[in-house]
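Engineer: Read off the chains here:
There are 2 protein chains.
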Amino acid sequence: MEELYQALKQIAPVPQEEWELFAQDIQFKKLKSQEYLLREGDSVNCFYYLVKGLVRIYYVDQEGNEFVKVFQREGEVVGPYVQMIQGLPSSSFIECLEDVEFYLIPYKNLLEAYNRNPLWLKIGLKLLEKYFIQKEERVLELLKLDAGQRYQKFLSDYPDLVNRIPKYHLASYLGIKPESLSRLLRKVGKT
Amino acid sequence: MEELYQALKQIAPVPQEEWELFAQDIQFKKLKSQEYLLREGDSVNCFYYLVKGLVRIYYVDQEGNEFVKVFQREGEVVGPYVQMIQGLPSSSFIECLEDVEFYLIPYKNLLEAYNRNPLWLKIGLKLLEKYFIQKEERVLELLKLDAGQRYQKFLSDYPDLVNRIPKYHLASYLGIKPESLSRLLRKVGKT
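Heads up: the sequence lines are chains A and B, in that order.
Residue 1 is where the first sequence starts when you use the working numbering, and the numbers rise one by one after that.
Residue 1 is where the second sequence starts when you use the working numbering, and the numbers rise one by one after that.
There's no promise every hint is true.
Unchecked claim - The calculated label-pair distances, taken between Cβ atoms and stated as ranges, are: (1) 34/B - 108/A: 31 to 37 angstroms; (2) 179/B - 108/A: 48 to 54 angstroms; (3) 130/B - 45/A: 19 to 25 angstroms; (4) 21/B - 162/A: 47 to 53 angstroms; (5) 15/B - 45/A: 30 to 36 angstroms; (6) 188/A - 1/B: 52 to 58 angstroms; (7) 148/B - 36/A: 30 to 36 angstroms.
Unchecked claim - Sample of chain B residues lacking proximity to chain A, with all beta carbon distances greater than 12 angstroms (derived): (8) 6; (9) 19; (10) 24; (11) 27; (12) 28; (13) 89; (14) 112; (15) 126; (16) 178; (17) 185; (18) 186.
Quick caveat, the hints were computed from the structure, so don't treat them as lab data.
Ideal Cβ placement from N, Cα and C applies to all residues, glycine included.
With the hints as extra help, turn the sequences into a complete structure.
Structural biologist: Take a look at the structure:
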């Protein structure tokens with residue numbers, strides 16, 4: 001579990017004894033590509049710290065259309081935070097796009113840690129700020145940019161991800177049909 | 001400044017002496033409809049707690065098109081939080097859509113309070129969670145819903161706001177042209 005401890009120490013200096021209290025019940029798991037960390041309707045009580053691999057988080061509407069909210073990869077924390085706060089079941093799917101290794105972190109560990117030592121409040125705030133910024137950027141690109149500009153932004157923000165993501169998932173993230181993405185890629189000379 | 005203290009106490013039991021330390025340099029201000037709390041490029045160092053009135057927060061792209069990110073009204077905290085964290089100038093405009101009364105809260109008051117008493121970390125986390133949820137919902141509606149569905153959602157989430165917001169700003173929030181909103185409203189029998 002050393003990777004997870006090191007990652008936490010990047011955010012704040014967590015003493016060994018605090019780490020040991022926090023680390024109780026955290027499990028290491030592996031899933032294969034196309035397996036699911038979470039499905040819509042599942043009860044939610046954990047975060048996932050991704051050690052290796054790539055996932056897509058997506059929603060399905062009543063007609064069965066899929067909408068990719070975000071891709072996340074190694075080094076990131078994912079999980080249905082909003083639903084955990086609200087005590088609701090998951091409204092999204094988290095699917096592995098590659099073989100994934102991750103730590104399963106019970107939400108209650110974090111809540112207990114908040115009450116034990118304010119250090120964890122600082123960590124929680126820092127992490128939430130990070131994903132708040134990510135979400136703000138997503139709102140802005142959905143509001144302001146057309147598909148071509150969104151693609152360019154994705155390329156510049158995540159140059160290492162473009163070749164790890166199937167084109168039809170990328171199209172869904174950009175809010176366009178796969179055919180439109182193919183046209184776009186021909187236009188910018190990428191296929 | 002009693003309204004602000006009461007609002008804080010809704011989130012956590014802030015003792016009088018903590019409140020007095022926090023409240024230093026907080027100013028009460030008034031602006032008229034169509035005046036600005038903030039413009040793109042302004043340096044940022046304050047939150048605004050709205051006591052009365054309604055604002056729109058919007059972005060302008062290179063061609064001069066406006067995109068309304070969100071409307072906020074009395075009882076809400078607004079401010080360029082992402083830019084304050086990142087130490088960047090404002091990337092948005094905050095315009096009064098009505099006469100507005102607000103408290104100007106220096107960001108440094110919050111940072112100092114974080115270091116003084118963990119109670120403030122809890123308050124910061126709670127507030128950030130609230131606006132994180134709001135942002136998540138905005139991402140989902142931009143991703144999943146068409147203009148008609150977004151309008152219905154806006155009506156059901158903010159029934160009291162619809163008549164306070166000029167139609168062309170509402171169209172911009174929904175991501176459509178004013179003409180399209182007029183068509184939509186005729187269709188649902190609202191004009």
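Engineer: With reference to the structure, classify each hint as holding or not holding.
Structural biologist: Status of each hint after checking the structure:
no., hint, in the structure
1, 34/B - 108/A: 31 to 37 angstroms, "violated, 49 angstroms"
2, 179/B - 108/A: 48 to 54 angstroms, "holds, 52 angstroms"
3, 130/B - 45/A: 19 to 25 angstroms, "holds, 21 angstroms"
4, 21/B - 162/A: 47 to 53 angstroms, "holds, 50 angstroms"
5, 15/B - 45/A: 30 to 36 angstroms, "holds, 33 angstroms"
6, 188/A - 1/B: 52 to 58 angstroms, "holds, 55 angstroms"
7, 148/B - 36/A: 30 to 36 angstroms, "holds, 32 angstroms"
8, 6, "holds, 23 angstroms"
9, 19, "holds, 19 angstroms"
10, 24, "holds, 22 angstroms"
11, 27, "holds, 25 angstroms"
12, 28, "holds, 27 angstroms"
13, 89, "holds, 15 angstroms"
14, 112, "holds, 14 angstroms"
15, 126, "violated, 10 angstroms"
16, 178, "holds, 16 angstroms"
17, 185, "holds, 21 angstroms"
18, 186, "holds, 25 angstroms"
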